[in-house]
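Full structure from sequences and hints, please.
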Amino acid sequence: MTEQSPSRLPAPRVAASVAPTTNTHLDIAEVTKNFGSQAVLKGVNLSVAKGGTTAIVGPSGSGKTTLLRLIAGFEHPATGSISLNGTTVAGNGVWLPAHKRHVGYVAQDGALFPHLTVGQNIAFGLDSSALDGGRRAVKTRVQELLEMVSLDADMAKRRPHQLSGGQQQRVALARALAREPELMLLDEPFSALDAGLRVATRRAVAKVLNEAGVTTILVTHDQAEALSFADQVAIMRGGKLAQIGNPFVVYTRPADRATAEFLGDAVILNAWMEGSLATCSLGGIPVRRPPAQGLVQLMLRPEQIRIAPDGPIRGVVVDTDYFGPETTVRIKLAPRVAAAGASLAYPGGGEIITIRHWNASITKPGTELCLRVVGEGVAFPVED
Amino acid sequence: MTTDLSAPVVSKTSKSTTTAGRGKRPRPPFGVSAISLIAVLIALFSLIPLGYVAYMTAATGWNTAVGLIFRPRVGELLLNTVMLVVFTVPICLVLGVGGAWLVERTKLRGHRWWAVALAAPLAIPAFVNSYSWVSAVPSLQGIWSGVLIATLSYFPLVYIPAAATLGRLDPAIEQSAASLGLGPWAVFFRVVLPQLRIAMTGGGLLVSLHLLAEYGAFAMIRFDTFTTAIMTQFQSTFNGTAGNMLASVLVFFCLILLLVEVRSRGSARYARVGSGAQAKPIRLPLRHYQIPSQLALLALTVLAFGLPIWFVLRWVFAGGARVWSADEFLPALLQTLAYGTVGAAATIVVGFPMAYLAVRHPSWFSKMLELSNYITSSLPGIVVGLAFVTVSIRMVPGIYQTSGVLIAAYVLLFLPRALVNIRSGLAQAPKELDEAAQSLGKTPLASFLKVTLRLTAPAAAGGAALVFLAIVNELTATLLLSPNGTHTLATEFWSKSSEIDYSGAAPYALLMILLSAPMTYLLFQQSKKVAGQ
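From first to last, the protein sequence lines stand for chains A and B.
Numbering-wise, our numbering puts 253 at position 253 of the first sequence, and it's gapless, one number per residue.
Converting from the second sequence to our numbering requires adding 1000 to each position, the first position being numbered 1.
Just so you know, these hints were derived from the structure itself, not from any lab.
Computed from a prediction, not measured in an experiment: that's the story for all the values here.
Please note that a few of the clues may not be correct.
[Unchecked claim] With a cut-off of at most 25 Å between alpha-carbon atoms, the simulated DSS-like pairs for lysine-lysine come out as follows:
1. A:Lys157 to B:Lys1442
2. A:Lys240 to A:Lys42
3. A:Lys100 to B:Lys1431
4. B:Lys1450 to A:Lys139
5. A:Lys364 to A:Lys332
6. A:Lys139 to A:Lys100
7. B:Lys1442 to A:Lys100
8. A:Lys157 to B:Lys1367
9. B:Lys1431 to B:Lys1367
10. B:Lys1431 to B:Lys1450
11. A:Lys157 to A:Lys139
12. B:Lys1450 to A:Lys100
13. B:Lys1431 to B:Lys1442
14. B:Lys1367 to A:Lys139
15. A:Lys207 to A:Lys139
[Claimed, not checked] Short, incomplete list of chain B residues facing chain A, as computed with Cβ under 7 Å:
16. Ser1135
17. Ala1136
18. Glu1435
19. Ser1439
Positions of the beta carbon are idealized from the N, C-alpha and C atoms, including for glycine.
Quick look at the structure:
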């Protein structure tokens, strides 16, 4: 992937264990940050490739916004260093203030200046004396940026309070893009928008940033947003990055149970690991690189478990939640039965699992179902 | 960079990098240390009056102090002052809250007009009010006259916050109470009135502090309070021990009132809880109480506003062209405008660091800094004046009776008016906007000037206007501290009226009222905004 052609999924670009190359735009090394006696960041390492899109996702208080503010230059790291394009901007006795970092920043609510019009907001960071054509060039640039974020040119004369939430975020993005930053930081920019507007604005923002080829870091607590927006997802928990990888990898092969459950619904069952096969109430499930042998916890995503008339697993519907396009079904698994003369290493049974199905009518409570598992599982060591 | 799909891994190693600005040490956020230092200096400066009182009490010696404090004259002053507070404050509470309720919560005809009319008496300085009443009833004197004039002058201090709070109370709470079976009166006493607690305690405290600080209004009707007695002592013995001891008792009284207000304010939450749009307040029909209500408000407005205006205008016309002598009138007007403008500007400049710390870096430290000033500004002008007289004579004789000392006293006395406004303005300029400006390439100073200062300016201007109003009407500290040859509207009015030249005093009174009127309206509007935050 190059700066000129920032492509999207599926190819994951970042391998955290590999030393950064010249393609690295942002490099965070062993960064810590304390607020008083509270350690907010506890040694964060992160590399972001040029032109890439990284989502930092985590629960409230995990330190993700603090990390973003350190990158922006609004906070000082306690230890560690931050480098942009190979140049240290914080740490090791160096400090480059925010206004010299050439980093775009879009805050949660847009942070538009209420005393300025939309046009003046967008032009705020532009220096008319430094542009060929002076004020006329600034005006032209404002029009270009409005067009880039799909807003009418007439909007330039409006005040921020006359815009909808989605429009305000687009203006904030246009304002941040005006100086052509090499790195754009987005601090939960869609969280204040309602569901419909959030998706539309997210798509629009992603498209603009993609076309501009700007390296982007999005901070969010919404895992679905992170998975859909970025080509690299970093999961943050307790001031540390628990896992970094492309969205497909972190979703299907989470590093631990907490990450698995944070990123989406997960079916977790006790299982018996022998070689690369985990045996549980759902039968034998292949596991790539099992962490241990013997008793483990097996994780599957609900969509991996399908209702199939010829499925080998039996269960009874406990209850359902109807959501329109899909129905969440809770099923109590029956014990597995061994073939005549054979014995089961781990019969299991009795656990209640959750799956998703499109047809609500076949999932009445008490209905007996046959199930089949698709794909691989992920095994975690049994927690003490 | 390579890809490893097989195993989830956590980041990476470091690498060789160049550095930007190597050797620069990390600095704390923009100017916070400097601002903190300035705020500490201001807080220390504002503690001068309290320090003066403590020092004078200690220097007097225990036996002398006891002898000067525990004597019949002090007992008499204490009784007068306590009675004044005990009678005036409850009447102001009844008039203020009652008026606010009629205006904000009933279908009172012309309620918008009445809303302004009930705040209008604040435009008339208490000593001008007293002058008008003495003109109407020359025999006026004693405690009941004091209560009458104080009530008519100060009830808007309760009315304004009460009206602002009532206008913002969520009617859903009253509707819930009604649905639980409470009638209109029960709803008022059990639901509405408790929510006015902050407005009532705050307004009551303001009235009390004004009663302790007022000199001109009570001197004119020959009613002795601590402040009038201290001024008399000062005029007869300049900086005598007896006057200082009276000041100590007065300060003690003020601190007790502050404590009572803090305790009675309570810790309950009065802000609206929950989301969604707030409905408009419900107005109760007055039916056959409409006419009595109109008459009651008319009587109050006539007594508090109409009568003073009438007598001021009467004296102005009685004096004819003689009283408008430009030689006397113009210098007083210009000096008042100059002191008001410079004092207001200085107060805003001094208030900014404290407000900035309180809003952007709230901590026990910033609270202590603010508290130190609130205590000082609660002290009567005469105590602040005496403190500056003493300190300047003993420590820096060169600045005694200079404009600088008078401006410094104004700053200490009226800083809270500026602080409230600057804080409100800074709240409109969250630090995220500053950060957004910095991320757009502006230096911290440029961000501060172009965003924070620009957004705070309107509120700061409002605060400056209120300080200006206070300075225009300030009499006590000005009498004590003004340089020789200083003539302000207030001191000229006082000088003329003391010589029973009521016609000569009238133009100064009229001008003070005219200058105060728009500021009073501003204060009224602002209180409504503050109640909504």
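Against the structure, the hints come out as follows:
With a C-alpha separation of about 23 Å, the suggested pair lysine 157 (chain A) and lysine 1442 (chain B) falls inside the 25 Å cut-off, and the hint holds. Our distance criterion of 25 Å between C-alpha atoms is met by lysine 240 (chain A) and lysine 42 (chain A), whose separation comes to about 6 Å. Distance restraint check for lysine 100 (chain A) and lysine 1431 (chain B): the Cα-Cα separation of roughly 18 Å lies within the 25 Å cut-off, and the hinted pair is therefore satisfied. Pair hint lysine 1450 (chain B) plus lysine 139 (chain A) holds up; C-alpha atoms about 20 Å apart against a cutoff of 25 Å.
Under the criterion of a C-alpha separation no larger than 25 Å, the hint pairing lysine 364 (chain A) with lysine 332 (chain A) is consistent with the structure, at around 13 Å. Our distance criterion of 25 Å between C-alpha atoms is met by lysine 139 (chain A) and lysine 100 (chain A), whose separation comes to about 24 Å. In summary, the hint linking lysine 1442 (chain B) to lysine 100 (chain A) is supported, as the alpha carbons are separated by about 8 Å, within the 25 Å threshold. At most 25 Å may separate the alpha-carbon atoms for a hinted pair to count; lysine 157 (chain A) and lysine 1367 (chain B) exceed this at roughly 41 Å.
As the CA atoms of lysine 1431 (chain B) and lysine 1367 (chain B) are separated by approximately 19 Å, the hinted pair is consistent with the 25 Å bound. Proposed proximity of lysine 1431 (chain B) and lysine 1450 (chain B) is supported: the alpha carbons are some 13 Å apart, at most 25 Å. Between lysine 157 (chain A) and lysine 139 (chain A) the alpha-carbon distance is near 12 Å, which keeps this suggested pair within the 25 Å criterion. A distance of roughly 17 Å separates the Cα atoms of lysine 1450 (chain B) and lysine 100 (chain A); the hinted pair therefore holds under the 25 Å criterion.
For a cut-off of 25 Å, the pair hint linking lysine 1431 (chain B) to lysine 1442 (chain B) stands: about 14 Å separates their Cα positions. Pair hint lysine 1367 (chain B) plus lysine 139 (chain A) does not hold up; C-alpha atoms about 46 Å apart against a cutoff of 25 Å. With a C-alpha separation of about 23 Å, the suggested pair lysine 207 (chain A) and lysine 139 (chain A) falls inside the 25 Å cut-off, and the hint holds. Given hint, serine 1135 (chain B) at the interface with chain A, is violated; its Cβ is 49 Å from that chain's nearest Cβ, farther than 7 Å.
At about 50 Å, the closest approach between the beta carbon of alanine 1136 (chain B) and any beta carbon in chain A exceeds 7 Å, and the interface hint on this residue is violated. At a threshold of 7 Å, the smallest CB-CB gap from glutamate 1435 (chain B) to chain A is about 5 Å, leaving the interface hint in force. Nearest Cβ of chain A to the Cβ of serine 1439 (chain B): about 4 Å, under the 7 Å cut. The hint holds.
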